[in-house]
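Engineer: Listed below, chain by chain, are the residues.
There are 2 protein chains.
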Amino acid sequence: MIAVSINEARLYDRFQTMNRIGETERGGLHRLALSDEDKQARDLLVDWFKELHLTVRVDDLGNIYGIKPGSDPSAKPVVIGSHLDSVPKGGKYDGTLGVLAALEIVESLIDEGVSHEQPVIVVNFTNEEGARFPKPMISSGVLSGVYQTEDMFQLADDSGITLGDELKRIGYAGEKDFRLKDVDKFIELHIEQGPVLIEQQAAIGIVEGIQGLSWHEATFIGEADHAGPSPMSTRKDAAVGAFKAMTALHEWVLSLEDETSITFGRIAVEPHVVNVIPGKAVFSIDIRHPEKEILEQRIDKMKQILTETALRFDLDSQLEDLSFMPPAPFSQKLVQDLENVCLSEKVSYHRMYSGAGHDAMYMNRLAETIMLFVPSIDGKSHNEKEESRWEDIHQCVKVMYELVKKQL
Amino acid sequence: MIAVSINEARLYDRFQTMNRIGETERGGLHRLALSDEDKQARDLLVDWFKELHLTVRVDDLGNIYGIKPGSDPSAKPVVIGSHLDSVPKGGKYDGTLGVLAALEIVESLIDEGVSHEQPVIVVNFTNEEGARFPKPMISSGVLSGVYQTEDMFQLADDSGITLGDELKRIGYAGEKDFRLKDVDKFIELHIEQGPVLIEQQAAIGIVEGIQGLSWHEATFIGEADHAGPSPMSTRKDAAVGAFKAMTALHEWVLSLEDETSITFGRIAVEPHVVNVIPGKAVFSIDIRHPEKEILEQRIDKMKQILTETALRFDLDSQLEDLSFMPPAPFSQKLVQDLENVCLSEKVSYHRMYSGAGHDAMYMNRLAETIMLFVPSIDGKSHNEKEESRWEDIHQCVKVMYELVKKQL
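Chains as they are written, first to last, in this note's numbering: chain D, 1 to 408; chain S, 1001 to 1408.
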């Protein structure tokens, strides 16, 4: 008996067709949420759903579902998919690959004639990137009760156009009744967006959860003064205090040799003049760890290092907490199922946490959830040079196909 | 015989009168170069010159001279003075004190009936601060040949108005022939603008010269990447490299335990987003030392530390030289004369270099030059809280009076 599996060429062709919509000159993708390009991409997806005789539903949030019914109409569905929107001048793989992999899996189920009780649903989520309407993963956030519906509709882009109005304009404001409610499992395939899998020479990332993250803004206050007449020993240089604090934090995090990460993405000094000692320095801190308890310990220690450094330089310091997202560990059962598929298919894998957020993070609150990561060449993402190897993609979709069948 | 000396009350009264022009609500001074307030202040100074029957001259640069002729019309003059313009919301002492001290000294020469061969000239220089028209000390710079006349006239303020036009508007575009040319000595009294004299419990600073300074802009280039999916070990974080470089430079300068100073007044990272590892960091370096040879050694070592730090973090680095001002050592004869006056008058003094630039820096190219510093309370300057103690001011003007008489 020949093992029936996914159709690699079909997946590749659909990927090429879909990504001509919004393709950039440099081979990237510019397909902002609810733009004309996003509408075209959605229309194409709906056409493909219809070709496969899937039931097409659009909910009030603009999420599109292609439903392959099972033998038991009352059974909770297995949901697979991702998103078709991109960041400005982003890459072709982020999101799109997860939607098309899901479609390929459903078509393969049809080809193979797999019978199942539960519905299998392919989903395309609205505004995952949060690039045009500035709140990422908002529609899975509303589905899982993290955000309110009105929060979503009132989100406005840079020119003041709201998400709610754009949904109507492009014809994707559907029925609230069609929202996902009782979901058995959610499985999302996505590119890694980091360098770990290539480095580990693993074909697949088994994503055990989403890292927790905490954002802060630290302010160091000293005294602005002229660079010339102020001896080094009497200065209250807020910038030097801030640099030393960041250096100390960075060295501490490296010394941990674990999954903690720390990033200082923003820094501003005042008055920002070449020959004036800065009286004020403000910088952001993004600190992450996969485990909530450890993340909280890290935050405590970070605060201690900041305070001690400020004191040592005779500076005042303040720390504002900007946001906290606790780690979201995925279903251990699905992690185990996925590992078993990899082992039986002899596919190299690496267990890891996702550093970035995904719709799976919120779907995890509604359903047993897991993600599969495809290696990213050079770890590049949100970038026109974003790329993955097709042999890795095919292997990962095959494994996901086996994983989905195990759930049915 | 009663020693005739300066009239403390007269100096104090003129200071109060002059500084009602441009006084701020908080007791500071806002008298930008060639503004209506600067015109009023100039007019008042000219009135005072006339009351003393000084010959008033205005050159094409707007510099005002009050001339007390000597017995030899062909003798080179002794020039004393400073500037009446201020930075925005600055203090009352910076500049104004030097002009009024010079005026007081000339009036005291008259009161005492001192006869002298050389002319004694009180000067008010145009646009010393470079706050409105962005090049400090430009008129002494033109007098000494460092800048061209047209460079000065074409300087424009934020609203596009040129210095040349403003000179005409306020009626202070005078005769080129009246410029200072052959000058015997230039003596400037100024506030210290730093904390050293108060710390040293010295009543007067004997300024031996102006520190050299060198300005640079360093650029570190790494790779921008998402904070989430990028492990610490694989990052090319331009910001962390820059912070470590600045920290290393600061520690090195402190370890020198000499007069070297280093300031990082400007820093910018890109793309400046909380959850994106900066791919680029740009920062300014202001490095100073009183001796040219040592300053050059410091610059070499600084470059070495920058390059090594960038390499250690696998970053590209560039260093642009923005400007270099060599140290300007003042007249050793005048330093000795001033020290002798302090010793004979039993006034505590401290020999020091000026960290800031002053018109004396350029006048030093035309004439034997020296400065006297008055202690600044808390070292504050360019600030509405700028202040000096009147007992220090009086003592310093008295010493300067003796020094001027020694030159005649």
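Worth double-checking, as some hints may not be accurate.
Unchecked claim - When the alpha-carbon atoms are kept at most 27 angstroms apart in a straight line, the in silico DSS-like pairs for lysine-lysine are as follows: (1) LYS280(D) x LYS1333(S); (2) LYS280(D) x LYS1380(S); (3) LYS1236(S) x LYS380(D); (4) LYS135(D) x LYS176(D).
Stated by the list, open to error - Sample of chain S residues facing chain D (criterion: CB under 10 angstroms; computed from the structure): (5) GLN1154; (6) ILE1221; (7) ASP1225; (8) HIS1250; (9) GLU1257; (10) ALA1281; (11) VAL1347; (12) SER1348; (13) ARG1351.
It should be emphasised that the hints constitute simulated quantities derived from the structure, not laboratory data. No residue lacks a Cβ here, since even glycine has one placed at the ideal position from N, Cα and C.
Engineer: Would you mind marking each hint as holding or not holding in the structure?
Structural biologist: Here's how the hints hold up against the structure:
no. : hint                   : verdict
1   : LYS280(D) x LYS1333(S) : 43 angstroms, violated
2   : LYS280(D) x LYS1380(S) : 17 angstroms, holds
3   : LYS1236(S) x LYS380(D) : 13 angstroms, holds
4   : LYS135(D) x LYS176(D)  : 20 angstroms, holds
5   : GLN1154                : 23 angstroms, violated
6   : ILE1221                : 16 angstroms, violated
7   : ASP1225                : 7 angstroms, holds
8   : HIS1250                : 5 angstroms, holds
9   : GLU1257                : 9 angstroms, holds
10  : ALA1281                : 8 angstroms, holds
11  : VAL1347                : 21 angstroms, violated
12  : SER1348                : 19 angstroms, violated
13  : ARG1351                : 15 angstroms, violated
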